Amino acid sequence: MALTIASREVDGVVVLDLSGRITLGEGSVQLRDAIRGLIGKGKKNVLLNMGEVNYIDSSGLGELVSAYTTAKNQQAEVKLLKLTRKVHDLLQLTKLYTVFDIKDDEASAIASFK
Amino acid sequence: MSGAKSGRLSFSLTSTMESVSEVESAAEKLAAEAGLDEDECFHVTMAAREAALNAVLHGNEYDPAKRIAASFENTGSALVITIADQGNGLDPDMLPDPLAPENLLRGCGRGIFLIRSFMDEVHFRQLHPGTELTLVKHLAPAAEKT
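Protein sequence lines correspond, in order, to chains X and Z.
Take 1 as the starting number for the first sequence in my numbering and just add one per residue.
Take 1 as the starting number for the second sequence in my numbering and just add one per residue.
Because the hints were derived from the structure by calculation, they are not lab data.
Just so you know, these numbers come straight off a predicted model, no measurement behind them.
Just so you know, even glycine gets a beta-carbon here, dropped at the ideal spot from N, CA and C.
Which stretches of chain Z does chain X cover? Using the computed rule of at least three CB atoms under 8 Å from a CB of chain X, they are:
no., region
1, 39–50
2, 113–119
For each label pair, taking beta carbons as the anchor points, the in silico distance ranges come out as:
no., chain 1, residue 1, chain 2, residue 2, range
3, Z, P141, X, V29, 40 to 50 Å
4, Z, A65, X, E9, 41 to 51 Å
5, X, N54, Z, A34, 15 to 25 Å
6, Z, L105, X, R85, 19 to 29 Å
7, Z, G7, X, K72, 44 to 54 Å
8, Z, R106, X, V29, 12 to 22 Å
9, X, A6, Z, E61, 31 to 41 Å
10, Z, G89, X, Q92, 25 to 35 Å
11, X, E9, Z, T75, 47 to 57 Å
12, X, D104, Z, G7, 37 to 47 Å
13, Z, N103, X, E9, 26 to 36 Å
14, X, D89, Z, N103, 14 to 24 Å
15, Z, T75, X, N54, 22 to 32 Å
16, Z, P141, X, D89, 23 to 33 Å
One-sided and incomplete, this derived list gives chain Z residues near chain X with beta-carbon spacing under 7 Å:
no., residue
17, M17
18, L99
19, L104
20, L105
21, G107
22, C108
23, R110
For reference, chain Z alone in the conformation it holds in the complex:
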């Protein structure tokens, strides 16, 4: 783990389930400190967890030689979380629709769908090797908060 850098927390993590838990905890702290309500905190935390799971399982495939890079930032107008792996790359357009009737009984394939459902923006960037996911949750302007 590396330290905070001008409000942006960055982590370099191993390809393990412990790293998934670390990402989950950091996202929960970020969301709570931003004042999000319980449901929004849950959404941000779960999206970050799913992104980290994806990176560890499908990206790096638990390879101890590969790292997960994660960052967490409150820009004032949004929470921005990035999760990057060093795997073979992910083409989001090739993912099957988990809501299609023929896919409903599949045992996997819901992670990216949940991330997209819970965040306001999700961006994919190919790193060659690897994939970086950027998750964005917009924050309501202070004046609009009740």
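Next comes chain X alone, as it looks inside the complex:
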């Protein structure tokens, strides 16, 4: 299933609800465009809800890293919410778990940006 992205704003935090696969050709470009669009509009706090992301490949992992660095370069922040087990395991394997601020609960994730 290709990636779908729904955007909403909660207490100054843009939450992107992601669903599907983040892979080359099936989501990585959409995610990149979404992040760059938000950062370009001056949004500083972005939370990627990964609860419905069932698959990510090396390209998708690279896209998450790019989102993180793009945000950081603009004094913005991207955090991850609700990793599925497979995505969690991949982030651990690749040590990206040490890079991202990862939350399990949306309310505390929103609060953590303040």
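Chain X is already provided as a structure; the job is to place chain Z on it using the hints.
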């Protein structure tokens, strides 16, 4: 695509993302039919996908004149998947370590690492031109399975 040949499926594929999906599907079917559990199926499927991605993107660089050769076999003791491109060749010893602190924030360079992490054996062979990756997942003897 060519047909099955004594239990070994062989494909000749274009250098496109559709081919990556074909490889992924074939690997998933091979792993499922071998009775691997969900995690092992995921590992084999992802490793095959990453190898195919590598061949299409970095090997053949989407060149329509170049083909990807893929084969899938259950030997009884192992699943053996080969993916070959017709590109300029890949030296696995020259790949940067994606876990090194200076590489953690790179946007690429994790594919071969994931393949090696998920398979029991990974072999590289230079084809001049091209590179062939052989991915092996050992199967537990039937008596050891619960």
